[in-house]
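*Asks:* These are the residues of each chain, in order.
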Amino acid sequence: MQLETIKNIILRELDIWKKRPIYVIAPLAIMAFCSVFYLTFLGDGLPSDLPIGIVDNDNSSVSRNFVRQLDATQLGKVVRYDSFQEARNDMQTGKLTSVCLIPSGFNSDLQANRQPKMTIYINGLYFVGGALSWQDLLTMINLTSGAVQKQVLEAKGVPSSQMQGMLRPINIDLHKIGNPLTSYNECLSSNMLPGTLQMVIILFLIYALGTELKYGTSRELLEKSDGSIITALIGKFVPYTVFFTLLGMLVEVLLYSWMHFPIAGSLGYMMLDMLLLVLASEACAVFIIGLIPICRFALSLGAIFSVLSLSMTGFTLPVEVMPRILQGFPFMFPLRHYYLFEVQEVMFGSGFAGWWQEALWLLAFLIPPIAVLPRLKSAYFKLDYPKN
Amino acid sequence: MGYLKKWFADALSVCRHELKRISADSGVMVIFLVAGLGYPLLYNCIYHNGVLEDTPIAVVDMSNTAHSRRYIRKVDSTRELNVAFRCSSMDEAEALMRDRKAKGVVYFPPEFGKDIDEGRTATLSIYADMSSFLYYKNLMLGANFVMLDEMKQIKIERYSAGGMSDQEISQLIEAIPYEDNNPYNRTFSYSIFFLSAALLLIIQQVMFYGMSLLAGTAREEGRSFTHLIGRMHGPGVGRIVLGRGAAYWLLFMIIGTYIACLVPAMFGLPQRGSFLDILVLLLFFVTDCVFFATAWSSLFTKRETVLVALLFISPIVMFLTGFSWPVTAFPKFWRLFSYIFPTSFACPAFINLNTAGCDLTQIKDLILCLTIQTGIYCAISFVAAYIEHLRD
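Protein chains in written order, with the working numbering: chain A, 266 to 653; chain B, 52 to 443.
The following block holds chain A by itself, in its conformation from the complex (with noise of 0.2 Å):
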């Protein structure tokens, strides 16, 4: 394995770029993309003015203000409605995420401490809008409530010292670690970016290798690299380790630094959880198509994995939800170990000693391609696959 011989291919491989280059185009046309989509669909990661439907039978001032409050608040936007059938009907059509209903006499009963109660509907199909929106008026029904029972309270001649104490004997200090504004837009676009890295890179290479087969010219890159399909690797994949590498550390930079999602660790081992993702992701490609020397048919398969390595990251729902007997699966996907890197060094900020078994699962990734290299190489040699 000589140097010279590794540079020479280096120097095809850039040469096919030069005569194709929508092998550079569009992996970063893709990243442009999918960076400007992720990191402005969620804008500022929190939903504002989801549409409430409140149908309010009593029409008292009490009401009207507790309306007029609801819809000032940030998350919430109020739709009237006369009857509960519309209501209805625009919440199992999903335009409304909860519905609520004020029962009349609404008011009288409030003075008169009958208490009037409130019945909420909420729109579970669309789980983000329906949990917030149910939040809001939970808040708003709890509010009200309070102003009625400072009333009473107050009527009763209790010492406004003691007032706070005999309305809120509990109160909930919240920390949301890693995340203290709890963004959507943090929480997906630092994992949708690299998972769609790792998707562009398992495609293009397996792209990349499939189509010296499909052109039948991966004799030719054999015998330049000596006969070695190891030298034959190692330099077609060093521009684009290089290239991916540079592209996946332009969005760590663009997440953490740019964008300043909140980042407890470093952005350096960030990026050394990137080269790693790269390296993984290159090898599953390299393993995909060595399993099958057939481009379309590792095609396929390489989008069907990288497609589902999106759902087993466990980042929207956690791995231990999922059946006992498929937990040990998403630990086939390198996007996974670079998602508890990320979380490790990212929310805790743990460095090392909190993400070393990560890494080498990462690197474990290097192994399995070996064992289908020999059938790489006979394929490459013989081509004795079908061609596309």
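These are calculated hints, taken from the structure and not from any lab test. Certain hints may be false.
Unchecked claim - Pairwise CB distance ranges, derived in the manner of DEER restraints:
id	chain 1	residue 1	chain 2	residue 2	range
1	B	Gly89	A	Leu311	47 to 57 Å
2	A	Lys283	B	Leu350	16 to 26 Å
3	A	Asn436	B	Arg120	38 to 48 Å
4	B	Lys57	A	Thr305	51 to 61 Å
5	A	Ile287	B	Leu301	30 to 40 Å
6	B	Glu272	A	Met524	39 to 49 Å
7	A	Met524	B	Leu70	47 to 57 Å
8	A	Pro368	B	Pro382	35 to 45 Å
9	A	Ser522	B	Glu219	56 to 66 Å
What the hints assert, rightly or not - Straight-line Cα separation of at most 25 Å, BS3-like style, residue types lysine-lysine; simulated pairs:
id	chain 1	residue 1	chain 2	residue 2
10	B	Lys71	B	Lys353
11	B	Lys353	A	Lys415
12	B	Lys152	A	Lys441
13	B	Lys353	A	Lys284
14	A	Lys283	A	Lys272
15	B	Lys71	A	Lys479
16	A	Lys382	B	Lys353
17	B	Lys188	B	Lys125
18	B	Lys71	A	Lys441
19	B	Lys188	A	Lys342
20	A	Lys441	B	Lys188
To be verified - To give an idea of the chain B side of the interface with chain A (calculated C-beta under 7 Å), a few residues:
id	residue
21	Trp58
22	Ala75
23	Gly78
24	Asn100
25	Arg171
26	Met181
27	Tyr229
28	Thr352
29	Glu355
30	Val359
31	Pro377
32	Cys409
Beta carbons are placed, not taken as given, at the ideal position from N, Cα and C, and that holds for glycine.
Fit chain B to the given chain A structure using the hints.
*Replies:* Frame of chain A; chain B shown alone:
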């Protein structure tokens, strides 16, 4: 009459020809079988439970009073949380969180019990692991639920010490009682909301990638389906586009019925809509998808391009269905962008029909959008095929 007969015979042979090509292509068959038939099963297995229960948390009780101990017992008995660790210091709890053994910490300061005994507001602290929003949700729900319950008890004690009668107290502490219902997704199950949107998306994306793969392959080999146009008597564009579309339409009405009707039944997802209504929606949706895929697949001159360059769009299209981020919060541009995809109308329609139990009249606007979209993509498909034919 003779022309009509000929027309159908031609279209039928194009359809048969396309079906043959589909079955002969290993790459396309992998996508149709593994992704089309397998993904729905796999996603159902992964997301089958959908509800996270007994999230392990650590408790640091510096107060160590009857109040804090009762609070901890109640937290432990909620469905959402499990007090897995009792720590003697915050450092210990933090270490457990860093090791990802505890997904949250509840901390009672030394003065907690005293504050309650002396009628002040007692504050406890919660530290939440935000790596998944479901941990956070569980911690909030569990701790808040217990807080409300505890507050009620403490208020009863304090109010009665203030000289109120039992009746007054019970009326006052719940001045406005409420009843909450979550009719469509009672436990806020992740699977119901995720899968309802994912199922139709799979139909659309699988068809799009499969058709584009084949169109690209044919063009690479210099035998695009539009070559057949020249062989027809009279204007052949209609027969070719519709005949080819019919092949996919037939295939995906079968796959679609499997995905939209059989899979939810197999996994016990809610099926509140009528079977016929869902079939009607599928008719509109699959037809729309056929023309959507035909129109876009005319862009690909190479087999691999579509998978390599456009796979990244799938998760984006998923978000554009509005299943998680509410449609009303979409930035305007992305809202317009979402109109490109049939699923942006069909997924809400399916969710409304299947899970919320709507009938067809309630989703007629969405069906209308699908129809308009079908018309536009149909026109584009015809024009694109004709242009390609002229070019050859």
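*Asks:* Now, for every hint given, state plainly whether the structure supports it.
*Replies:* Verification of the hints:
no. : hint                               : verdict
1   : B:Gly89 with A:Leu311: 47 to 57 Å  : violated (36 Å)
2   : A:Lys283 with B:Leu350: 16 to 26 Å : holds (24 Å)
3   : A:Asn436 with B:Arg120: 38 to 48 Å : violated (19 Å)
4   : B:Lys57 with A:Thr305: 51 to 61 Å  : holds (53 Å)
5   : A:Ile287 with B:Leu301: 30 to 40 Å : holds (35 Å)
6   : B:Glu272 with A:Met524: 39 to 49 Å : holds (46 Å)
7   : A:Met524 with B:Leu70: 47 to 57 Å  : holds (49 Å)
8   : A:Pro368 with B:Pro382: 35 to 45 Å : holds (38 Å)
9   : A:Ser522 with B:Glu219: 56 to 66 Å : holds (59 Å)
10  : B:Lys71 with B:Lys353              : holds (20 Å)
11  : B:Lys353 with A:Lys415             : violated (73 Å)
12  : B:Lys152 with A:Lys441             : holds (17 Å)
13  : B:Lys353 with A:Lys284             : holds (16 Å)
14  : A:Lys283 with A:Lys272             : holds (16 Å)
15  : B:Lys71 with A:Lys479              : holds (23 Å)
16  : A:Lys382 with B:Lys353             : violated (64 Å)
17  : B:Lys188 with B:Lys125             : holds (17 Å)
18  : B:Lys71 with A:Lys441              : violated (57 Å)
19  : B:Lys188 with A:Lys342             : holds (23 Å)
20  : A:Lys441 with B:Lys188             : holds (11 Å)
21  : Trp58                              : violated (33 Å)
22  : Ala75                              : violated (11 Å)
23  : Gly78                              : holds (3 Å)
24  : Asn100                             : holds (5 Å)
25  : Arg171                             : holds (5 Å)
26  : Met181                             : holds (4 Å)
27  : Tyr229                             : holds (4 Å)
28  : Thr352                             : violated (12 Å)
29  : Glu355                             : holds (5 Å)
30  : Val359                             : holds (5 Å)
31  : Pro377                             : holds (4 Å)
32  : Cys409                             : holds (5 Å)
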